[in-house]
Amino acid sequence: MARDSTSFSAAVLPSASAGRRRLTGPLLALAAVLVSSVLAGIALGPTVVPVEDVVRYLVAALTGGGIGAEEVTGYSIVWEVRTPRVLLAAVVGAGLSVVGVAVQALVRNALADPFVLGISSGASVGATAVVVFGVFAGLGVYALSVAAFLGALGATVLVYLAARGSLGLTPLRLVLTGVALAYGFQALMSVLVFLSPNGQAARTVLFWLLGSLGSATWQSLPVVTAGVLVTVVVLLRHGRSLDVLSMGDESAAGMGVDAAVVRRGLFLLTALATGLIVAVSGAIAFVGLVLPHMVRIVVGSGHRRVLAVAPLAGAVFMVWVDLLARTLVAPEELPLGALTALVGVPVFIMLIRRRGYLFGGR
Amino acid sequence: MILSLRELTVERAGRALIDRLDLNVEAGQVVGVVGPNGSGKSTALRCVYRALRPSSGAVLLDGTDLTSLRLRESARSIAALAQDGQIDLDFTVEEVVGLGRAPHVRGNRALDARERELCRRAMARMDVTHLADRSVLTLSGGERQRVLVARALVQEPRVLVLDEPTNHLDVRHQVELLTFLRESGLTVLAALHDLNLAAAACDRIAVLKAGTLVATGAPAEVLTPELIRKVFGIEVTIVAHPRTGALQLLYDLDGGTRS
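Here the protein sequences come in this chain order: F and V.
Start counting the first sequence at 24; every next residue gets the next number (this note's numbering).
Start counting the second sequence at 11; every next residue gets the next number (this note's numbering).
Heads up, a few of these hints could be off.
Selected chain F positions facing chain V (in silico; Cβ < 10 Å) [to be verified]: (1) R79; (2) R196; (3) A276.
Distance ranges between label pairs, derived from CB positions [unchecked claim]: (4) V:Q96 / F:A203: 39 to 47 Å; (5) F:G207 / V:D32: 17 to 25 Å; (6) F:T240 / V:R63: 27 to 35 Å; (7) F:M373 / V:G151: 27 to 35 Å.
Every beta carbon over 10 Å from chain F, so not counted as near; a handful from chain V, in silico [unchecked claim]: (8) R60; (9) R80; (10) S84; (11) A85; (12) L91; (13) D100; (14) V224; (15) V249; (16) L259.
In case anyone wonders, no lab produced these hints; they're calculated from the structure.
All C-beta atoms, glycine included, are put in the ideal place defined by N, C-alpha and C.
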């Protein structure tokens with residue numbers, strides 16, 4: 024092949040398509056949008072704090088500078104309530120988006136999301152146990168998060184053991200096992216709620232199931248942030264392997280990628296990340312399913328591009344949805360999971376109609 | 011000798027899919043594997059491109075057992091066109107072809123100028139240049155097949171393993187592909203269904219039946235009416251191509267198993 028250069032003519036070759044341009048510019052722009060979204064998220068709310076005050080308070084908090092005595096209320100709203108919440112929204116949005124990308128590659132299914140493997144349902148059982156029985160009461164405010172994470176871990180182990188076969192983790196088996204176990208966990212949770220003596224438990228569980236960032240504090244940030252960062256970095260480093268994996272397991276072997284090994288690693292990584300995210304925010308639906316598709320529609324399917332854009336896009340999306348959730352019917356809060364879908368569905372339908380988008384063909 | 015199958019055996023659920031297969035492929039040779047459905051052609055090929063681990067026996071590349079190499083290492087020498095041509099995602103043809111560099115490049119490094127040139131030539135060679143920006147999910151079966159061969163070429167292998175490469179291809183592209191394989195200088199191991207094309211394109215042919223090697227040798231030695239009857243259960247008349255003298259198998263629709 025290399026000997027034959029006559030058949031090659033530069034003139035007839037198209038340049039890289041418009042949809043595959045360099046991403047540096049758009050990424051910087053998206054990062055700028057994220058920073059302004061975070062500032063807007065902190066400034067807006069039932070009490071609007073002017074952006075210049077927000078910046079001043081943030082600088083004061085970070086550098087240990089002083090503020091006036093009459094500003095203490097504003098400062099505490101900005102620094103203690105809204106900043107951790109908005110940052111958590113960004114982290115959770117980023118995390119759910121990249122985990123969604125990874126799970127869709129893992130199980131080779133366009134309908135997969137971070138929750139398809141039953142991990143969030145396991146977390147829900149843990150959280151319900153806290154609400155209904157008061158387990159881990161000694162952990163105080165962290166009881167819910169810790170129990171949810173332990174539930175997620177338990178579910179991960181169960182799904183892994185049940186789905187493992189002689190050929191390793193095959194995509195269809197993973198999905199089927201995950202979905203089946205999710206039903207089991209949900210049934211368990213329903214029984215727990217049904218048996219619980221007070222109605223408040225059901226309400227709390229429902230709200231947690233729909234997702235909420237209402238319990239965000241500075242303490243809830245570090246672990247999940249680290250988890251999401253590690254996930255993004257690891258996935259980005261393996262972008263090309265993920266591309267190869269979507270060519271089919273046999274083809275992947277011919278290209279030097281062991282699908283079984285990649286799939287096992289992906290499963291563990293995404294399970295842990297999902298557990299950490301669900302533990303702080305509940306099961307926020309839709310983001311992990313649809314954000315990956317939105318990003319692919321805009322930048323193409325190459326995983327290096329998708330994984331670079333998805334966390335930023337997911338973070339921006341979640342910051343705005345959370346802002347809506349806490350302002351639309353203030354002082355009440357709308358469940359996040361409901362809003363993500365209400366805001367996201369029209370955008371998604373619009374995108375999917377505007378561009379010919381195919382996943383798995385036909 | 012570059013590639014060598016030694017007593018290669020694959021068992022699944024107690025049944026041998028291929029049983030102690032011995033086959034040598036010399037450098038630069040085009041070797042065709044033929045046989046009825048389920049005779050073990052794909053299984054043998056899968057062991058060569060390492061989608062399958064042999065139960066016993068080995069595949070040697072230059073005398074080295076493939077299982078002692080990392081998957082990435084052997085993929086730099088052996089590229090494959092597998093049967094699972096299904097692609098999940100909306101990649102462009104250009105992106106798919108570029109993935110052939112996966113075993114050569116580290117992590118996410120972008121392809122360099124030489125590698126991009128390599129992709130362009132492979133696409134031109136397989137006549138898919140005009141499809142470069144198309145989504146692979148919109149291609150016809152034959153177009154996709156040619157894209158996947160281009161991707162395998164971009165891998166710069168010494169050995170090309172092709173599982174039914176002419177599947178879905180129109181006549182012109184079948185002939186062009188096999189002509190190219192003959193002239194490429196690559197060592198090729200290909201499972202083929204079309205015995206006439208196999209006879210025209212291959213230096214040697216290996217005939218499989220029920221997982222065992224029945225015959226191997228030059229097309230004229232191997233493809234005899236007796237062997238075809240024994241392996242495929244049909245009657246054929248063999249004539250020489252009036253112009254090239256190559257072997258031609260003529261099938262007789264009434265004279266086969268129905269007679």
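For each hint, the structure was consulted:
1. R79: 40 Å, violated
2. R196: 17 Å, violated
3. A276: 4 Å, holds
4. V:Q96 / F:A203: 39 to 47 Å: 25 Å, violated
5. F:G207 / V:D32: 17 to 25 Å: Given about 51 Å between the Cβ atoms, the range is violated.
6. F:T240 / V:R63: 27 to 35 Å: 51 Å, violated
7. F:M373 / V:G151: 27 to 35 Å: Holds, since F:M373 and V:G151 (Cβ atoms, about 32 Å apart) stay within the stated range.
8. R60: 5 Å, violated
9. R80: 8 Å, violated
10. S84: 7 Å, violated
11. A85: Violated, since 3 Å does not exceed 10 Å.
12. L91: Given that some Cβ of chain F is not farther than 10 Å from that of V:L91, nearest at about 8 Å, it is violated.
13. D100: Label violated. Min Cβ-Cβ 5 Å, cutoff 10 Å.
14. V224: About 26 Å separates V:V224 from the closest Cβ of chain F, which puts it past 10 Å; holds.
15. V249: Consistent with the label, V:V249 stays out of reach of chain F, its closest Cβ about 33 Å off (over 10 Å).
16. L259: Holds, because the least Cβ-Cβ distance between V:L259 and chain F comes to about 30 Å, which exceeds 10 Å.
Violated hints, in rising order: 1, 2, 4, 5, 6, 8, 9, 10, 11, 12, 13; the structure is consistent with all others.
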